[in-house]
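Participant: Listed below, chain by chain, are the residues.
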Amino acid sequence: MNYNFQFNVVWRNFDVLLEGAWLTLQLGVFAFTAGCLIGLVGAAIRSYGPAPLRWLVNIYVIFITNTPALIQIYFLYFALPEFGIRWSNEACVLIGLTLNAGAYLTMILRAGFLSVRQAEMEAGETMGMSLPQRIRYIVVPHIAKSIYPALANFFIVILVMGTSVGALIGVDELTGQAINLSTVNYRWLEYFTVAALMYVVLTFIASIGLALLGRWAFRVKARIF
Amino acid sequence: MPHLAVNGIHAKYGSLDVLHGISFDVDRGEVVSLVGPSGSGKSTVLRTLVGLTPVTGGGIEVDGTSIDYRSSRSVRAARDRMAIVFQQYNLFQNMSVLGNVTLAPRRVKGRKRQEVEAEAMDLLDLVGMAHKAHAYPDELSGGQQQRVAIARALALRPEILLLDEVTSALDPELVNEVLDAVRRLAAEGMTMLLVSHEMAFVREVSSKVVFMDQGKVIEAAPPAKIFDAPDSERARDFFGKVLRG
Numbered sequence: 001m002n003y004n005f006q007f008n009v010v011w012r013n014f015d016v017l018l019e020g021a022w023l024t025l026q027l028g029v030f031a032f033t034a035g036c037l038i039g040l041v042g043a044a045i046r047s048y049g050p051a052p053l054r055w056l057v058n059i060y061v062i063f064i065t066n067t068p069a070l071i072q073i074y075f076l077y078f079a080l081p082e083f084g085i086r087w088s089n090e091a092c093v094l095i096g097l098t099l100n101a102g103a104y105l106t107m108i109l110r111a112g113f114l115s116v117r118q119a120e121m122e123a124g125e126t127m128g129m130s131l132p133q134r135i136r137y138i139v140v141p142h143i144a145k146s147i148y149p150a151l152a153n154f155f156i157v158i159l160v161m162g163t164s165v166g167a168l169i170g171v172d173e174l175t176g177q178a179i180n181l182s183t184v185n186y187r188w189l190e191y192f193t194v195a196a197l198m199y200v201v202l203t204f205i206a207s208i209g210l211a212l213l214g215r216w217a218f219r220v221k222a223r224i225f
Numbered sequence: 001m002p003h004l005a006v007n008g009i010h011a012k013y014g015s016l017d018v019l020h021g022i023s024f025d026v027d028r029g030e031v032v033s034l035v036g037p038s039g040s041g042k043s044t045v046l047r048t049l050v051g052l053t054p055v056t057g058g059g060i061e062v063d064g065t066s067i068d069y070r071s072s073r074s075v076r077a078a079r080d081r082m083a084i085v086f087q088q089y090n091l092f093q094n095m096s097v098l099g100n101v102t103l104a105p106r107r108v109k110g111r112k113r114q115e116v117e118a119e120a121m122d123l124l125d126l127v128g129m130a131h132k133a134h135a136y137p138d139e140l141s142g143g144q145q146q147r148v149a150i151a152r153a154l155a156l157r158p159e160i161l162l163l164d165e166v167t168s169a170l171d172p173e174l175v176n177e178v179l180d181a182v183r184r185l186a187a188e189g190m191t192m193l194l195v196s197h198e199m200a201f202v203r204e205v206s207s208k209v210v211f212m213d214q215g216k217v218i219e220a221a222p223p224a225k226i227f228d229a230p231d232s233e234r235a236r237d238f239f240g241k242v243l244r245g
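Top to bottom, those sequences are chains A and B. 116 is the number that the UniProt record's numbering gives to position 116 of the first sequence; each next residue is one higher, with no gaps. 128 is the number that the UniProt record's numbering gives to position 128 of the second sequence; each next residue is one higher, with no gaps.
Keep in mind the hints are simulated off the structure, nothing from the lab. Accuracy of the hints is not assured; some may be wrong.
Unchecked claim - Under the rule of at most 25 Å between Cα atoms (straight-line distance), these lysine to any residue pairs were calculated in the SDA-like manner: (1) Lys109(B) - Val140(A); (2) Lys112(B) - Leu131(A); (3) Lys145(A) - Gln93(B); (4) Lys112(B) - Ala217(A); (5) Lys112(B) - Asp125(B); (6) Lys109(B) - Gln133(A); (7) Lys12(B) - Gln118(A).
Please construct the entire structure, taking both the sequences and the accompanying hints into account.
Facilitator: Structural data, given as structure tokens:
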């Protein structure tokens with residue numbers, strides 16, 4: 001291969017890529033956090049809620065997990081304006097990713113709800129704790145600890161695969177910026193090599209952050225690698 | 001008027017009847033023991049008292065006020081006055097010992113953290129576990145966990161303490177440390193209803209022993225009477241087997 005690598009072009013625009021990476025991290029963290037809240041409510045309803053609410057959650061989960069995230073975000077961006085609802089491209093990615101993550105996290109957290117020791121829930125009940133209190137003080141710490149690896153993996157999925165969908169509707173996150181810059185001077189190979197490495201660094205930083213959070217908040221002894 | 005009156009209660013698991021009209025009284029400051037073969041419904045009696053197993057007939061009164069187990073407010077009032085300690089301790093695994101003991105007083109009763117923690121340390125001291133206040137349940141032996149579970153139940157300031165086979169899951173060596181804690185409570189005048197297979201202990205601490213078999217009360221009498229000269233053939237047979245040797 002007679003290719004003349006020219007990375008200095010990339011370094012000159014590195015700050016643009018960094019901005020993209022920062023936006024990627026923000027999108028990922030927000031969608032994951034908000035998705036966790038949706039997932040927690042969804043899993044609680046599926047575990048303890050009345051039948052009609054359980055059906056609603058089931059429909060949401062089935063609908064979202066069986067359609068591509070790209071279609072969900074395109075729907076928000078291109079189809080909703082037909083109904084007079086117009087959101088910015090960033091808002092569409094954020095809302096789309098959050099709804100998408102919420103459905104998957106409902107399923108992931110549901111496994112955590114199922115694995116709570118019934119005896120602890122009974123103990124809490126006899127101590128006068130309400131169901132929301134039992135979820136808050138017994139189920140959530142249990143989930144955080146027992147399905148921590150699954151949660152951390154899913155965060156990486158959103159951070160890497162989820163957010164890059166934004167590039168397709170012009171959100172300037174890391175992938176988007178790499179596309180923008182390469183179309184100017186055709187240094188695809190250099191830009192995408194560097195962008196890929198930045199994703200690796202980003203997930204590495206995120207993994208360390210998650211491990212520290214887990215250790216600090218939930219006594220999880222997580223290995224980073 | 002008895003402190004706790006159990007009046008002909010019935011209960012079932014699915015279609016299986018497990019209690020067929022159980023009646024007995026517990027007076028204030030008294031220690032009453034439920035004994036009998038496995039499957040006789042002893043633990044179920046305790047579970048119905050705290051509203052974990054529904055009562056399908058008969059009634060329960062505390063200080064003459066009957067508890068309506070279909071009303072969540074009434075059940076809450078019952079749980080306010082009775083605390084239960086389980087055979088398998090059922091400690092919250094993701095919380096320290098101190099966290100286990102202070103959770104309900106703080107979050108359910110809304111009491112101040114400092115006050116609750118000070119009281120919790122006193123209770124842990126009472127059961128000999130103050131030095132492990134910051135340990136987690138998985139770092140403790142079964143006997144230690146059970147003593148923490150007793151402190152946790154006492155932190156609710158119950159009028160009646162229910163103990164469900166609290167030594168059955170323990171190594172023989174660890175049984176006494178838990179029984180000592182219960183002895184101390186009995187000496188302090190705590191009203192207790194306990195289910196136990198430790199016959200020597202039952203005889204020592206109880207003022208009354210209720211012998212159950214197949215969901216019925218066969219005989220209820222002071223320990224000396226029921227252990228040495230029971231009226232019923234079934235009790236004679238049971239105590240003859242468990243006390244031999």
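Participant: Work down the list of hints and note, for each, if the structure agrees.
Facilitator: The hints, checked one at a time:
no., hint, result
1, Lys109(B) - Val140(A), "21 Å, holds"
2, Lys112(B) - Leu131(A), "22 Å, holds"
3, Lys145(A) - Gln93(B), "10 Å, holds"
4, Lys112(B) - Ala217(A), "23 Å, holds"
5, Lys112(B) - Asp125(B), "20 Å, holds"
6, Lys109(B) - Gln133(A), "12 Å, holds"
7, Lys12(B) - Gln118(A), "19 Å, holds"
Hint compliance for this structure: no hint is broken.
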